[in-house]
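Novice: Chain residues, written in single-letter form:
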Amino acid sequence: MSLTIPTFSLASIGPWLTLSVAAIAILVWDALSKERPAAVPAVSLAALVIAAVQSLTLLGKKGTDFAGMVYVDGFTALAYLILILGAALTIFLSWRYLEEYGKNLSEYYALLLFATTGMMIMVAGAHLIMIFLGLEVMSIAVYVLAGFLREDLKSNEAAMKYLVLGAFSSAILLFGMALIYGAAGGTLYLNELAKKLAVTKAVTQPLILLGLGLIVVGFGFKVAAVPFHMWTPDVYEGAPTSVTAYMAVAVKAAAVATFLRVLYVSFPGFAADWTWLLWGLAVATMTLGNVVAIAQTNIKRMLAYSSIAHAGYLLVGLVAANQLAAVGILYYLLAYTLMNIGAFAAILLVSRQQDRYLNIYDYCGLGRQHPGLAAAMSVFMFALAGMPPTAGFVGKLYIFAAAVQAGYIWLVILAVMNSLVSVYYYLRITVLMYMRPAEADLGPVSFTPAVTATLAATALAVVLVGIFPGWFYDLAAASVKIFSL
Amino acid sequence: MEYLFYSLAAVALISGALVVFQTHPLRSALWLIVNFFAVAGLYLLAHAEFIAAIQIIVYAGAIMVLFLFVIMLLNLRQPEEELARPRLGLKIAGITVAVLSAVLIGMGLAKVVLKPVTELPVGLGNTESVARLLFTDYLLPFEVTSVLLLVAIVGSVVLAKAKLR
Amino acid sequence: MLLSYLPILIYMVIAAGLVGLIVLLSELLGKKKHFPSKDMPYECGMDPIGDARSRYHVRFYVIAMFFIVFDVEAIFLYPWGVVFKQLGWFGFVEMAIFIFVLVVGLVYVWGKGALEWE
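From first to last, the protein sequence lines stand for chains A, B and C. Numbering-wise (the working numbering), the first sequence opens with residue 5 and increments by one. Numbering-wise (the working numbering), the second sequence opens with residue 1085 and increments by one. Numbering-wise (the working numbering), the third sequence opens with residue 13 and increments by one.
Note that these hints are calculated values from the structure, not bench results. In this text, all values refer to a predicted model and were calculated from it rather than measured experimentally. From the three backbone atoms N, C-alpha and C, an ideal C-beta is built for every residue, glycine too. Everything hinted at is true.
Which residues of chain B face chain C? A few of them, derived with a C-beta cut under 7 angstroms, are:
| id | residue |
| --- | --- |
| 1 | 1142 |
| 2 | 1149 |
| 3 | 1150 |
| 4 | 1157 |
| 5 | 1211 |
| 6 | 1223 |
| 7 | 1230 |
| 8 | 1234 |
| 9 | 1245 |
Counterexamples of contact, computed for chain C against chain A with all Cβ distances above 12 angstroms:
| id | residue |
| --- | --- |
| 10 | 14 |
| 11 | 25 |
| 12 | 34 |
| 13 | 39 |
| 14 | 43 |
| 15 | 44 |
| 16 | 45 |
| 17 | 56 |
| 18 | 61 |
Each pair of labels, with its calculated beta carbon distance range:
| id | chain 1 | residue 1 | chain 2 | residue 2 | range |
| --- | --- | --- | --- | --- | --- |
| 19 | B | 1183 | A | 482 | 47 to 53 angstroms |
| 20 | C | 40 | B | 1091 | 26 to 32 angstroms |
| 21 | B | 1157 | C | 105 | 37 to 43 angstroms |
| 22 | C | 34 | B | 1158 | 31 to 37 angstroms |
| 23 | B | 1247 | A | 440 | 43 to 49 angstroms |
| 24 | A | 203 | B | 1217 | 22 to 28 angstroms |
| 25 | A | 481 | B | 1155 | 52 to 58 angstroms |
Bound-form chain A, shown alone (with noise of 0.2 angstroms):
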């Protein structure tokens, strides 16, 4: 017997490619040399750039490769593009912090791109098993991420949390996707999955719902959803802040893209089902994220309970479950890239060295004394309170309107309410450095160029993306034209 070895094209995966090699070759390089290679941090971002060029190359294309294992798609290419920003702002905010911790390695960029690529492997996969390596990439290199600053006991505690926990949360994804294998009869494709789950619907009904169960258990994980969401507050505490920032925007952005894609290809005949459970977890993630958000004194913290609310938002998106939802998540994953790094940069400044201003009293009078800073940090809490002109608001605006046409009046609301709830732990920053005098000298904030630069740039791209929104809108609508919402 002869075996047919499928067609395939590596160009559909050319942004993994890259990033892969590049991070091979970056521990091959620091294994065989003496010194610690310096061009790390660079060269890292050159794949990242060249991996964002491929990514755009696909954008206009459709259809799975590699034995329709990988989806190759406008959607797909957003999402690389997406998750190719937040991890190269990342970078910028990352080599003179861990500096500061004398930890400025290269296995940090390594795993970085690894987990990059894992995400990328995820958002493409177009089959269960893909979505799961592509998932444990991910997290395996975010594991070690969170704990990289081995002496500090912090780290420690949000590395072995976020693993246990996290290897925990694998193992039921992984349960719930043997369900649905032996429910559906014996595949584990996206698009075959919805088909024969169809046929055998009414034999295996409450297996197939067990396991869709578990999938949202697994997937709520990471995108902390309540009540899925107790490791978040002391993992970002904890971690490295420049590994909190991408775990916050990248690890998110991952996992919500990728919840869409099998939610809306793979059970569109259980959307009934799932809409009323997702509609649950988006209020309580909401409410509590929101709410408990007023009562941290530690901005890490404070921005945790800010970014379980934000999943609450983007849960509201899957929810309503048509072309404009799928618009105005990818528009939000973007805005929300953009405004949590931005403030993740400003956390960077103001802690001075080695995190050690990290109280929302420390931003008392920096209004004044550091105008720029405190205008730059006014626009992300604008911006992650939903306040217009920024893009933050436009990204909800999208989210709840499309939340509204699909009917889920109750559930817009109370995504108002929230959003109004969230505007006083925002803007309490604003009025802390505008209106109070600095309570001691914090002394100087030094500005490093490559943190100065992304501060300026998210802030400006925060506020761009969010008058002009309509270029993203038009490429996003054409991508999720694949979903037949």
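Fit chains B and C to the given chain A structure using the hints.
Specialist: Then chains B and C, alone, in the frame of chain A:
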């Protein structure tokens, strides 16, 4: 055939329960080996020979070694104070979840129309048929696995190596 | 099909039976005389020092991790070997890439000195 299945299943279940109920971690680990072997036997009965071999080589071999090392890394002495008993609420929650999922799975399975499988296709799960899929349709997951293993290597060095330059 | 595993089963039964038999026979036939110095754990002929239950060093963990990773790698070689001829050069390249990525892991581990017993 059937008796073999039921006896292996019984061994797997009982040893699994014993893993959980041991107070000494080392004993748990040893019962886990028994469990691995019983499950490997079940795989054999299901004609998944390759998986059965992996179960022995990787799980009973490599992963068990790691388990034992980790147990030895931690202190082996009997805990001096009594282990904290789980709170009543946790117990109730755990039992509820277990019962509910058992009911759900049971309901799911009960509704499935079981067709008597007379004979599975020859060589369904043997190494060759696994290989035929793995190196053609599944070539991409296969290569991604190597990246996953590499990340695991780097991760363990970063976290456990004494002095990383 | 399953019958082809019968020799393995018989082998396992014989192995287990032999061990059991030896233990049983020595228990039945041997003389039992206990005295304190005989019941002491044997440590190169001298009095035991310290506690037998000492902690292992964390470096064992790293070694065990490497063992698992390379063990999993080796597992993939079996099915590859079975269909090697049918796959031809394509299969060779596939496996070459797979092995290359893991050799990078080995180079990294080696270059970092993680295999040294520091």
